[in-house]
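Undergrad: What follows is each chain in one-letter form.
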Amino acid sequence: MKNIIEILFFLFFPLIIQAQQTYTLENKNLKATISLEDGSLIGLESKLTGWNIISQAAYGQSFEANVKLGNGLFYIIDAESQEKPKITITGEQLTFTWNKLKVPSAIIDATFEGCIQITEKGLVYSGTLKNNSDATIEQLSWPYIGEVTVPAETDRFLFQYMNYTKFNTNELYPGFSGTGWSNLPEHSFTLIHNNKEGLYVSAYDYKLDEYVRCVYETLPAENYAAVAGSADSKKNYVERKQMRIRIKAARMLYAQPKSVITLVPVVFTPYAGTWHKGVDIYKEWRKTWFIEPHRPEWVKKVNTWQQLQINSSESRINFKVKDLVNYARECRKYGVDAIQLTGWTWGGQDRGVPSHDVDPRLGTFDELKKAIAESDKLGVKILLFTKFTWIDMTADWYPKWSPYVAWNNQGDTCIHPGYNYNTYTQLMGINTRRFGILCMMDDGLRENLQREFQKCLDLGAPGMVYDENQHHAGTMLCFNPNHGHPTPGFLYKGADRLGREFMEMCQKSNPDFLMVGEGPYDLQSQYYSTYTRADYNHDPVLRYIDSGIPIACAVTDHFDKNRINMCLACRYSISYEPRNFKGHLWEFPRIVSYGQKVDQLRKRYPDYLWDAEFLDTNGAVVNGRDLKYTVFSRKTDGRKAVVVYNVNTKESSEALISIGVPDAHLVVVSPEKQSPVNFDRSVTVEPQSAIVILEK
Amino acid sequence: MRKIFFAWVAFIIAISLSAQEKLLLENEVLKAEFDAKNGSLVHFVNKQTGWEIINRASLGQSFELLMPLADKDLRFNVIKGIDQKNPVIERQPDKITFTWAGMRSELMDAEESVTFKGEVVLTPAGLEFGGEITNQGKYPVEYVSWPFLGEVTVPDKGQPLYHSTRSDTRELFPHFFNEHGYWGVDYPTSTYPLPERSYVLVNNREQGFIVYGKESFPNNLLITSFELIPGFEISNTNPADDMMDGQAVRIQFKANQIIYNNPGEKMTLNPVKISLYKGSWNAGVDCYIKEKDNATPHMPDWIKDPLTWQKVSAENGDELVQYAREGLKCGVDVLQVRGWYREVNGKIAEAPGLKDAIETCQELGMKIVLETNWYAASAKSQTDVNEIKRMAVKDPFGFPYDRSLLCPLSEYIEKKTIESWTKLPSLLTADGYINTDNNHRNKSYLCFSNQHGHKPGEPTANGTMILDRKMAEILKAYGEKAAMGFGFLDQQSAYYDGYQISGSVSDFAKHRYMNPSTAITLPVDVKNARNDINQAIKNRFIVNYDLQFFSTRLSDYPHIVLYGQKVEDFRKRYQESVWNAEFMDTKGAVVEGKYLTYSVFKNKLNGKNAIVVVNTSNDQVTTVKARFENASAMQIASPEKPGMEPYQGGFDLLPLSVAVIFEQ
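Chains as they are written, first to last, in the numbering used here: chain A, 1 to 696; chain B, 1001 to 1664.
So here's chain A without its partners, still in its complex pose:
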């Protein structure tokens, strides 16, 4: 009898639900209202703050798809133009099934099954797309949040995502940003927020199975025309307030005829607090898949680098291999542990790639191998600058590599315009060497790249810096049918495979080989440490995600102490780059001298400043003009260090500092005065100077 009741219940349940018209999915953080007419998300509220993210049901959206028929006609369709979907509910999940998608000129044999699930982490959108037609379903927006209101008491409303170790920022309010997007999973997550609360969006996709664009669009609301262009339309942002923001997870599927695609889950959830609270959500998910790679001991300790260009694409030979050891000796003299050697490959930096043969104009393979070994004996690691992302179209070996070049969806080869060096003709772009963008989804390509990488290992180098490993010049997908990947291939997935393969090669050849990338996205942290370039105004997002990942940061100017202080505050290794990395360390002695003091301080207090957990600005309050600060928590006992630096280049600043621990014993140290002195609430910080408060 019980079984019969259950059967009857499941038979009639869909009908019951349809009569209800809406359905609520709810957890402790959010309440979402879904229309059962067409799957539209018509209500979304943060239970943490009361933020009504979708203000009107009329703005609700379900899905949107870009469809190109076999005859070339192109349409954008949405749920409103479809037959009512079939709905099933299981537990905390709604499933909408649209059979036989309609475009204005036809009905196509394609089925979209879209799932919406509430979990404790947020609202999760997944599904399956079955395309039995001859059409290509290029994009599918799912979820599609028809409105994201600007919360009350908002000064700035931002769309932020992590790129090159820090935030990329688009101001949605009061500025006007039109349309833009982040890339998932490349950018890890996206926050739409006012730094008091926000909406977190991410894809549960650490295997890089799908390219999702998290798109924002700003469009006029109903009353826009009534105010636009009037004399007082800008006052108090009247005109801007008559615009609406919407967010789409536009999945760039290009679902081919006769294909079935399982969508990666995309999650969004509101949160309360600063951006850190949003990133904390990502950090929690990251713990479920992230495996820290093996790293050599030297990089786990305080270390300092120099970047040095030996040759450029315009054959500007700066020095020869035989001179490298002299540079290493200079490094030893100035306390520098590693040289990032740029341009040693055939043709110089950004020429001849991806060949990793030693440029014969500089010396031989054996000479470089010997110089690397001698430098190592001096205690200086030679990190070889590498590049596997492009093929130089002017190189003699272009014909061999050209089959691996990615194609766009028009069938054109994807080309990068190249980089400019030294001569005024090339600086103006007249004779730049263009690159073909390699599709790393091609197994044959990766085998060839592995052979090039093996040359670095064979040189006996202790590591490499893989330049531009973090992007593919805007080419996300490859439509070349000859690469052995499904159409389209996601280049980032290929890069992920390459990273894993490189790591496996290191494990065989030299487990201590340090693989570093240029500003890699966080998924690449599984393989690569980081080299970055940043100024002190950046938010150190990658450091906040991972306190221990090695990050080296460029210092380029003759006495930019702020940059050194930023390295101290963010636990970055200093990478000295005199004369834009063509010069000697002695060319900017003042900044090297100051950097040495900072490193000494870090070496004296590594438990506070190097091996500690990085909290960014959490855990302390610092007040004072032109001051920046970060907080570290000692892993053994949670005691804090607060690094405070004054970015003003002319005037000192009074810092009022509290770590919120009553009766804490605090001392102050600095690069110049490293012995602790008792600290009581405030301290004067000189221009371009830093102090550190330690909780004893």
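Keep in mind that the hints are not guaranteed to be accurate.
Covered by chain B, per the in silico footprint, the following chain A stretches (three or more residues, Cβ under 8 Å) [as the list claims (entries may be wrong)]:
1. 416 to 422
2. 427 to 435
3. 559 to 566
The calculated lysine-lysine pairs, modelled on DSS-like cross-linking and capped at a C-alpha distance of 30 Å, are [what the hints assert, rightly or not]:
4. K320/A with K1080/B
5. K369/A with K301/A
6. K1455/B with K1214/B
7. K196/A with K1527/B
8. K241/A with K1527/B
FYI, nobody ran anything at the bench for these hints, they're computed from the structure. Since this is a predicted model, take the numbers as computed values, not measurements. We put the CB at the ideal spot given by N, CA and C, even for glycine.
Position chain B against the provided structure of chain A, taking the given hints into account.
TA: Structure of chain B alone, referenced to chain A:
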């Protein structure tokens, strides 16, 4: 005849000058001293202001060459003039000629038989650097840096020093503008191409110098460069002192003439002029204006008036007529039309019914200006793909700079362009056209193809200007047509009636100052509409609605259209004062007040001045206080209060509003 000969000989002193230390060129404007041994320019003074542009002889430079050593694959072989054997020097009263014979660098095993004859001529306003290169060696010379100023000092560290062109402004001090990627330069570097940018002005508020090519149609591209040596002291900030970390702090300037001079060739350089001045930037630009081709074409009468334009996209005739009917109701006089043609089977085909629709529009009283594009092969083109590949502008390696950009230097492309476009009935019927080619897209300054019938490395701009002029002549023969461009080159003003402007508001005044009468249209964007319209008034630009935020229908933007109508009425009412008048930039009046920007117009009939003052603040009312240099009685009016009212010591101006102050 003998007298002339001896007099000439007396002037030409071709002797060894080793006994002398300095060679001097001097007039009331400048003093230039050259090292009599190595020919370097060691002291350079603007005598009008006392600015010692070069004041450290140790930093003096003469020239540089880039001579790539192809057989050794060493492209970066820089021949430094001061490291060469001393030149032979010829001296005339207002001219010095240095001849350096034989070139060598530390990368070369032997001297190359290349001779550079560099001439420096004293002109009333400055110096002119010409020369000749004779290459009897085995390597090509890619460029010559001449002149080469070893330093450009900062005349007053209490204010910024800029370098700027017709279309932008960058800082030299205190925050040097670094344009190029750190990987490719040793020092912060800023470059400009000429003649595309017309000139390079180095200036502060009181003085400066201007660099420009003497020829309107030069054989060579000129790349000017500034470098801050030895780099920044702190982030993006120049060193404060003359020395830093043991190195001399200086900003170097070079005029790099891109010549691609091959072995066996003799080549004359296009002279580069440096004119020095005292005063605001206008005085510097005046030097350029005096020497440029100031010819203007015959303009149709209607384009001379302060009409209102609208940009629309029409794919068929009916759509165009709909726009016209609506536009007329909203005070629009001219439609600028895009999307009216496609390329079909390699030929340009216009939208169906377009010619008739244009005639209907004209009968209704609407002018039609069609957008054209001579050189771009559409991505959706049906043109033979191989033809596009063959005719694209090519780099030295044989790759196209841009897959769809055809070479304007090719006679084939020129012929095909003329044939295709001049047969279009709509183009012949319309009231004008506006050509949207941006011919240096994707760095296509030069074309290196050896299949186009031109010398490899020739500037594409030269082909552009020849074809543009031909097209203008052909199409204008069909009636009182407006021929317009996109402001690509200033030289186009000699045959184009005007152009659509883009870029930074801060550079608008330069465009108007350089070309007082040319018709310049300013696209008005929905989200910045009032500011755009106000800038149009201030700079005597044509208002050109480009309203497409969510709708392209004017009826959806009632406030913008209403304001535009008021502005047109206002400008017609005061046409002699703010439209037919001479644009003076800010000369002749002083305006004080926060958020304000202004310009002065001089009435050509009565000589009276008028100030157009704009409050650029989005939300702040500001008080305007203005005075003319030679007048006390003034009146004010505005588009929203067009009647004259007396000016009584100042007035409040609402946000995003404009007012005109008339001298009485």
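Undergrad: Each hint: holds or not?
TA: How the hints compare with the structure:
Coverage of the region 416 to 422 of chain A by chain B holds [criterion: at least 3 residues with CB-CB distance below 8 Å; count 5]. With 8 residues having a beta carbon nearer than 8 Å to a beta carbon of chain B, the region 427 to 435 of chain A meets the requirement of three or more and the stated coverage holds. With a cut-off of 8 Å between beta carbons, the region 559 to 566 of chain A has 5 residues touching chain B; three or more are needed, and the interface restraint holds. Straight-line distance between C-alpha atoms of K320/A and K1080/B comes to about 22 Å, which keeps the hinted pair within the 30 Å bound.
As the CA atoms of K369/A and K301/A are separated by approximately 25 Å, the hinted pair is consistent with the 30 Å bound. At roughly 22 Å between alpha-carbon atoms, K1455/B and K1214/B fall within 30 Å of each other, so this suggested pair holds. Among the hinted pairs, K196/A with K1527/B is consistent with the structure: their alpha-carbon atoms are about 28 Å apart, no more than 30 Å. Taking the CA atoms of K241/A and K1527/B, the gap is near 12 Å; set against the 30 Å cutoff, the hint holds.
Of the numbered hints given earlier, the model fails none.
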